[in-house]
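Chains as they are written, first to last, in the numbering used here: chain G, 1 to 339; chain R, 1001 to 1621.
If you're looking for bench data, these hints aren't it; they were derived computationally from the structure. A few of these clues could be false.
[To be verified] Dumping the calculated DSSO-like pairs for lysine-lysine here, alpha-carbon to alpha-carbon at most 27 Å:
#1 R:K1573 to G:K321
#2 G:K273 to G:K260
#3 G:K318 to R:K1265
#4 G:K321 to R:K1426
#5 R:K1426 to R:K1236
#6 G:K321 to R:K1201
#7 R:K1501 to R:K1522
#8 G:K220 to G:K195
#9 G:K240 to G:K260
#10 R:K1234 to R:K1214
#11 G:K234 to G:K260
#12 G:K318 to R:K1285
#13 R:K1432 to G:K321
#14 R:K1201 to R:K1101
#15 G:K328 to R:K1101
#16 R:K1166 to R:K1109
#17 G:K328 to R:K1547
#18 G:K182 to G:K195
#19 G:K328 to R:K1601
#20 R:K1214 to G:K328
#21 R:K1265 to G:K195
#22 R:K1236 to G:K328
#23 R:K1432 to R:K1522
#24 R:K1234 to R:K1285
#25 G:K318 to R:K1426
#26 R:K1236 to G:K321
#27 R:K1573 to G:K318
#28 R:K1573 to R:K1601
#29 G:K318 to R:K1122
#30 R:K1012 to R:K1214
#31 G:K328 to R:K1615
#32 R:K1198 to G:K318
#33 R:K1012 to G:K321
#34 R:K1012 to G:K328
#35 R:K1285 to R:K1426
The structure displayed is predicted, hence computed values, not measured ones.
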Amino acid sequence: MASAELPVLKPADYGTDQDVRWCPGCGDYSILAQMKKVMSNLNMSREDTVFVSGIGCSSRFPYYMNTYGMHSVHGRAPAFATGLKSSRQDLTVFVITGDGDALSIGGNHLMHVLRRNVNLNIILFNNRIYGLTKGQYSPTSEKGKITKSTPMGAIDNPIHPLSVAISCEATFVARSIDVHIKHLAETLERAVAHKGVSFVEVYQNCNVFNDGAYKWATDKDTKADTVLELEHGKPLIFGKNRDKGIRLNGMTPEVVELGKGISEDDLLFHDEKTTDPTLAYLLTRISHPEFPEPIGVLRDIDAPCYDDAINYQVQQAKEAKGEASLDKLFNSGDTWVVE
Amino acid sequence: MSTTTDETTVVKEIQPLEEATVRFCGDSGDGMQLAGTQFSNTSALAGNDIATFPDFPAEIRAPRGTLAGVSGFQIHFASHDIFTPGETVDALVAMNPAALKTNLADLKKNGVLIVNSNAFDKKALGQAGYEANPIEDDSLSGYQVFSVPMTSMTRGAVDGLDLSVKESDRCRNFFAMGLVFWLYGRSMEPTLRFIEAKFSKLPAIAEANRRALKAGYNFGETTDAFRSSYTVEKAKLPPGTYRNMTGNQALAWGLISAAKLSEKKLFLGSYPITPASDILHELSKFKHYNVLTFQAEDEIAAVCAAIGAAYGGEMALTTTSGPGMALKGEAMGLAMMLELPLVIVDVQRGGPSTGLPTKTEQADLLQAMFGRNGESPLPIIAARSPADCFDVAIEAWRLATRFMTPIVILTDGYIANGSEPWRIPKMADLPKIEVTHPGPRNEDDPPFLAYDRNEELARPWAIPGTPGLMHRVGGLEKQDGTGNVSYDPQNHHHMVMTRAKKVSNIAEAVPPQEVMGSESGKVLVVSWGGTYGSCRTAVARLQAQGKSVSHAHLRYLNPFPRNLGELLSSFDKVLVPELNLGQLRLLLRDKYLVDAVGLNKVQGKPFTTTEIVEKIESMLD
């Protein structure tokens, strides 16, 4: 982070002179704009920030940020970022990825970076389609999805990114939506503030190959009933008149109307700090159209970071074994002298 | 323990030898690798030059007593410089019939054959495919057979220590060691020290191993069966302090040293794979030397993490074997595009695919050379012997940082697991590896050019955290200078040529190719990697006979040394022995239009000197 004497950077100062080559109307523009705003709000230093991406539309992101950046290979950004962050803890490292990049070719690496709790900020742009390869179904596409590669409908079950994240013990899990710009900026700020791996899924529209995938969540008329904004310590309430909520019936969530004998106290209360992943996992399973989909921070807990641990072991070894001397090492054990 | 009953102590004859080769073989659970390692270390400490060849089955534990489960360890030791672990064996220790069956062919005529007679029961003989007990018929009459009931003698030796039969029997390898130690006049001291350290928490086991070792030694000393023992004098090696090193260990130590010489942290991203895993294990022990080891989820993550560390400005390394390098290919291409220094170690094994994991081969040269999409040149250097791995590691990092390029180090299973004496250097005598990173720039300075180049075409290694140098790297083609994404056809052609030229420039930075022997003549043997020892020994043997043959052993495989073409054309014929179907030969023929002849063997085993001598002789006719 920059010191107080440095000039405060405006969002535009975080952009490069490169033409942004996303399709007009792409949701990525909004995420890019919010990211610059967040960096400005937090007065983040450009030279201490690195954006690492894989392959895909979203993964062009680093080229548009005036920070350090690496556009890497498909699905592997978490691995690059792990090596970078482990050896350079002083840097703030973002991983920019998409649903195809992170969840199909990179599924393995995503799983491991999450369970290791490397102190990274992973932003997953989920448009539920392959954009860069022009319109094939992705791991998050719904079953039955008609695309160029699935003319008779996709037969794969879709994967739920946040469920994966929780089951990999991710310590910060959140969701936002490209056009909910205030919410998106706040969510990104919280992700940056979290120490440990942050996993933010952003519902993002691909107006060319999957236009309107999240219309239900963005449409003025429907969003109050289809989206539930999570707040720590608050009950799960939604609806234009904030008259609906979610409560647990045994282990099963259900939508209820407030009043008629049901009060706020009967509802499920959100606790993002609980270390048990059960509730957070449950929130990942509450999905449209049966339920309003939760956005905001599902989980934010403290846990040891991989990058701290790997460096701590070096420190510990130094303390236990003393000053490392290669000459001493070379001459240790059985040696002999030839005159 | 029985002793000689004569009143007068028999003074046994001690025959001096210039060199000898011993092989221990037995079931994979018999501790043969330990026996071999102890004998090697002891021989090295006695001042011999040594070369070793461990040979183990691919199965962790094949069923006991089967041919598939035989594990062997061969040691060649001499009073002069040697370069191979020997081909035929002077003394063979076979712990069971399967070991005898699979190893007897390598024993010299009239060689010493020590067998554990207890293990030659009906079941074990059957498992090894023997219809009759070879100890009892005359099928072994061409050898000096010493049939020793090792199991029962070991049990006798450890009697009273309250061990289970299984625990007692596990000490048999120490009995065998003791006997061979006596046979070659070796001191038991280093092994006794080893036992002390290794089993300090298991005093009963330590005592049992001590007793078994001494029992074996005393058996040799006292039994009438052995008329003589042997002695091999100290070798006249260059003065210095030595230790015994395997290739993997020497490589690991070389890498730590390279990090130190460049004042960098060492970051290893690796995924376990035979026979490279020992480098990961070794480096994991040295965290206090600023070594970060990351055991990744797979080979791809391993190399990618290393590239991440390289971008961060640290010494980045990934270690693997053939199939693992195949998986790393895409990321290696990226690293080449990013023009970041990265060391990729490929400890070659038998291929293709999973192939022969525990057996040696040198068939990844073309993979290292071409195993990536597009025009993706990478420098390649190869170690020639276990101790040489240390120097190669340092050299690789020196070149990688000077030219801002990933670099491939090729070793192989034979070098990695084999051992030889290593003359210990002083860190102060090793040249520093100068690495510079561009410093900060102000807003009003001209923009930083991430792909600006020096006279050798290396780009600057600007690292995150430096104000004013913010830049983006990636696998999309880069505009010359700025590093911005560019689809311009002329720029792409120019960048492809530039990267190729950068790698070829390395030839100017490495020494010209040396030749053992005359720089012109009838036959030039050109070799690389682990065939060094057998090629060198073969050529030396023929040179001693006055034959017109020379030897050029290549360390630098891409680019080739600048004088190589001239050298090749100075000989009537060129022979390229390789443990593959002619990969170096293909490259030499391509680049120099020389009609190189191959000697190729793909059996998971190194060349014998004789094989090479015979081939050269046929070319001299």
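Name the hints, by number, that the structure is in violation of. 1, 2, 7, 8, 14, 15, 16, 17, 19, 20, 23, 24, 26, 27, 29, 31, 33 and 34
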